[in-house]
Amino acid sequence: MGIAMALLPSLGLLALGGVFGKRLDQTVWRGIDTLNFQLLFPALMFSAAAARPINLDDAAIIGLGVWGILGVGLLLGWLLRPFGPDRFLDFAAGWQTAWRFNTAIGFVSINALDADSASLMAIAIGFAVPMANLMAVTALSMGKGLGLRKAVGKVALNPFFLAALGGVAVGLSGYPLPSILSEGLNQLALAAIPLALLAIGATLDWQGLMKLDIYTGGLNSIKLLALPCIAWFVVHSFAIPKEQASVLVLFAALPTASAAHVLAAAFGADCRQPATLIAQSTLLSCISLPLWIALQTSM
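In the working numbering, the protein residues as written are 1 to 299.
Wrong hints could be hidden among the right ones.
[To be verified] Here are the in silico distance ranges between beta carbons for each label pair:
1. Pro-178 <-> Arg-81: 42 to 52 Å
2. Tyr-175 <-> Leu-64: 22 to 32 Å
3. Ser-179 <-> Trp-78: 41 to 51 Å
4. Met-142 <-> Leu-181: 34 to 44 Å
[What the hints assert, rightly or not] Distance condition first, Cα-Cα at most 30 Å in a straight line; then the derived DSSO-like pairs of lysine-lysine:
5. Lys-144 <-> Lys-22
6. Lys-22 <-> Lys-211
7. Lys-144 <-> Lys-242
No lab work stands behind these hints: they were computed from the structure. Where is the CB? At the ideal position from N, CA and C, for every residue including glycine.
Given only the sequences and the hints, what does the whole structure look like? Please build it.
So this is what it looks like as structure tokens:
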């Protein structure tokens, strides 16, 4: 119940965005997307990765585990290519929702399970953010029809990727950021998700929200069911220690991230489908995530 309640504010912001979607000019929403892409989400990603020192022993298991989860999400999502949009750029915009994850819900869920494991979830997010963005930016760059050289440049200079990589570097260094810098970044980070959710609500096809076809149903099933099932099987097959195993399973079960919409908008993709997928994933996780937490607590 705690997780479901924690998701309600996000759903409320989506609804509020739907109310104001037609009241504000589209240039306003495009400006919000640009602000999120260039400043607010990079601040969020850097803060999430740099917030706590990264222990090398935990990093070996957690880091490889989350990279494996992201890779499986990418491969399973690719199987849905025949059922997705014809234009590859639009497919890539939705494809990324198969592996992206909601950072805020990650910390809420791990605290509901075991508050002492919050540092392990921070490590998971620290390692996952650069990889998730590398995969997403590469896919969207391919959809733009960029050559290899331009695509590499687009990935290397992407604000999401640079911020996440910088955050991991700080976390691995073991040195905390000066308080004045960390507080400023945290204040910027706090604005990122609410503004993104409002923009998603303004873009969302509300009539299509509950319509799950093979493509949207498949992507949501990969994110909320297939990935945590595979993670659960792997951690128990290899006898991963309980705390690390719980973090990996819960990480795999997180709903997709609002950053998918921000990145799709930055690349000029059709934002309606990722917006719908984000809303569907958040709504459905009110049911799925508490079940995964219950399963872990019963072990």
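Do the hints match the structure? See the list:
In this structure the hint that Pro-178 and Arg-81 lie 42 to 52 Å apart at CB holds, the actual value being about 46 Å. Taking 22 to 32 Å as the suggested C-beta distance range, the pair Tyr-175 and Leu-64 conforms, at roughly 24 Å. The hint said 41 to 51 Å for the Cβ distance between Ser-179 and Trp-78, and at roughly 44 Å that hint holds. Between Met-142 and Leu-181 the beta carbon distance is about 35 Å. The supplied range of 34 to 44 Å therefore holds.
For the proposed pair Lys-144 and Lys-22, the alpha carbon gap of about 29 Å is at most 30 Å, so the pair holds. Proximity of Lys-22 to Lys-211 is assessed by CA-CA distance (about 22 Å); at most 30 Å being required, the pair is judged to hold. Taken as a hint, the Lys-144 and Lys-242 pair is broken in the structure, with Cα atoms around 43 Å apart against an allowance of 30 Å.
Violated hints amount to a single one, hint 7; each of the other numbered hints is respected by the structure.
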